[in-house]
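Student: The primary structure of each chain is shown beneath.
2 protein chains.
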Amino acid sequence: MQKNKVLVVGTIAFDEVETPSGSSGKVIAGSATYISLATSFFEVESAIVSIVGRDFPGDYLEELADRNINMEGVEIDNTGDTFYWKGRYHKDMNRRDTLVTDLNTLANFNPIVPDAFKDAKVALLGNLHPDIQESVISQINPQNTTIILDTMNFWIERTWDELMQVVSKTDIITINDEEAFQMTGKTNILSAAKQISDMGPSYVIIKKGEHGALLYHKDQTFLAPAVILDNVVDPTGAGDTFAGGMAGFLASQAEMNFEVLKTAMVYGSSVASFCVTDFGTKAIVNTSISQIKKRVDMLKKSVDFKTF
Amino acid sequence: MQKNKVLVVGTIAFDEVETPSGSSGKVIAGSATYISLATSFFEVESAIVSIVGRDFPGDYLEELADRNINMEGVEIDNTGDTFYWKGRYHKDMNRRDTLVTDLNTLANFNPIVPDAFKDAKVALLGNLHPDIQESVISQINPQNTTIILDTMNFWIERTWDELMQVVSKTDIITINDEEAFQMTGKTNILSAAKQISDMGPSYVIIKKGEHGALLYHKDQTFLAPAVILDNVVDPTGAGDTFAGGMAGFLASQAEMNFEVLKTAMVYGSSVASFCVTDFGTKAIVNTSISQIKKRVDMLKKSVDFKTF
Chain A
1 MQKNKVLVVG TIAFDEVETP SGSSGKVIAG SATYISLATS FFEVESAIVS IVGRDFPGDY
61 LEELADRNIN MEGVEIDNTG DTFYWKGRYH KDMNRRDTLV TDLNTLANFN PIVPDAFKDA
121 KVALLGNLHP DIQESVISQI NPQNTTIILD TMNFWIERTW DELMQVVSKT DIITINDEEA
181 FQMTGKTNIL SAAKQISDMG PSYVIIKKGE HGALLYHKDQ TFLAPAVILD NVVDPTGAGD
241 TFAGGMAGFL ASQAEMNFEV LKTAMVYGSS VASFCVTDFG TKAIVNTSIS QIKKRVDMLK
301 KSVDFKTF
Chain B
1 MQKNKVLVVG TIAFDEVETP SGSSGKVIAG SATYISLATS FFEVESAIVS IVGRDFPGDY
61 LEELADRNIN MEGVEIDNTG DTFYWKGRYH KDMNRRDTLV TDLNTLANFN PIVPDAFKDA
121 KVALLGNLHP DIQESVISQI NPQNTTIILD TMNFWIERTW DELMQVVSKT DIITINDEEA
181 FQMTGKTNIL SAAKQISDMG PSYVIIKKGE HGALLYHKDQ TFLAPAVILD NVVDPTGAGD
241 TFAGGMAGFL ASQAEMNFEV LKTAMVYGSS VASFCVTDFG TKAIVNTSIS QIKKRVDMLK
301 KSVDFKTF
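Residue numbers (this note's numbering), protein chains in the order written: chain A, 1 to 308; chain B, 1 to 308.
Since the hints were made in silico from the structure, they are not lab data. Model, not experiment: these values are computed from the prediction. Just so you know, not all the hints are guaranteed correct.
Identical copies look the same in the list; a pair holds intra-copy or inter-copy alike.
As the list claims (entries may be wrong) - Heads up, simulated BS3-like pairs for lysine-lysine below, C-alpha to C-alpha not over 30 Å straight-line: (1) Lys-169 to Lys-91; (2) Lys-3 to Lys-26; (3) Lys-282 to Lys-262; (4) Lys-118 to Lys-86; (5) Lys-294 to Lys-208; (6) Lys-194 to Lys-294.
Working from the sequences, and respecting the hints, build out all of it.
Tutor: Set out below in structure tokens:
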């Protein structure tokens, strides 16, 4: 049987992070990397649309391909280097400072969706310029595709009109709590979720880091818990991994509705809980679907109570 | 059949708060008020041990007595006025500034536990000087009583040794996340909970405001969700109301264990969700056990998901 497809658009990058646990050194990262690794645990076919530079090791692209991730849409641009980001986390790892952002070849990125993925069941538009996200939507058949959008403060501040254009075409948006407040001028999470839903997305997911994620859909809410960890090494990529795990589970199911999305979020939460326990993608690549399912069961138990 | 007993020790106070929603004016408040109102919804007998001054309206004491709260342990000290607190909340209502604290007669408080409550099933020691909390423990039979302790930064900073003495005799501690970090020097909620448990309490409850509350007990965790509200008027008393609802449910049950405490926390969360929707005690006194149960069911639904 043909597997359902997930289209992943985002960055493939070199990251260098310092956290209270130490330094990562230069590691492979980027939203498309985290997202596609997370989708690879599910019974789906994934494809990345992204760009890398001349300095990017072919071995790493093969590692992704070995996980059955279609790399046809990854452009290798020999005119420049790969997108590079360097950051430092505070003792409170909810806060970080960006030290270096070198866009490099990302500045030339013109996404081309592989023909075989124009009918993807799920398209996850990772954090990128809204014009790039828009270009991807224009290449697919959005009637058949659940479009998930991730964005951040940078685009809210600088490309509001373009962002609103994409948001209006989105089915599911994932956004941090602070960014949701920034986007709406609200200071209440429920009011913010309602207002964002009015901008287009039928499903609004507000990520609250260690406090889990809130789903809002037509006056219904769901709280997906986060795994409570005491061994967080590097939070980079947690949001992408969450979205990727969610998209992977979603695409693996026949139906897409509130109930299925709830479980998908918990799968996302589970995969993300592995991501943060080591630098870069190390902990994700070393986990398995059985470990991920085990944490989903653990999460179920961690919020379960009798009503007597 | 005789009902189980809850002993409540805390303040009865006049509060005056300003929040983004407006000003409360001078209202009846204090930890013992919020706690005992919350316990009054359950099939238990409650008693308050507290002190008020000559300015305190007898009508209000009768209102509590009318809710079947034993007021025998409430001293009326005619040498001074009632404890008074004035505060102002920020737009982000997780932050507040204290404008005035007049201890008044609270400075003379020498708690006397009524004989009939020395065998209480649950004793809730609200936020007060640890020496007062200790004095209450010395008057009861702690072998038969589940001792719940609430404390805050003020006592952590100023009366560490006395606080540790009380904490060592406590079964359940409730504390804010920031205060748990302050108490342990940790920045991770699970590490902090473990360390606090090592200080004495078998059950550690870390209150996270709108993000709910975490229960830690012998390497098991439970997350009690908070009701997601968009009509918060005044957060004052939410923590006390949570603890009171929890203590009330707990005392109403035959057994006290991890499973029962989980449900008790959700009841606490439900009662607290009413508290914050109006100034002072207004919204609590106008709710009912059926409305509280309804929100418990809603909370159950808000975290429920299928594992497929």
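Student: Enumerate the violated hints, using their earlier numbering and listing them in ascending order.
Tutor: Violated hints: 1, 2, 4; rest satisfied.
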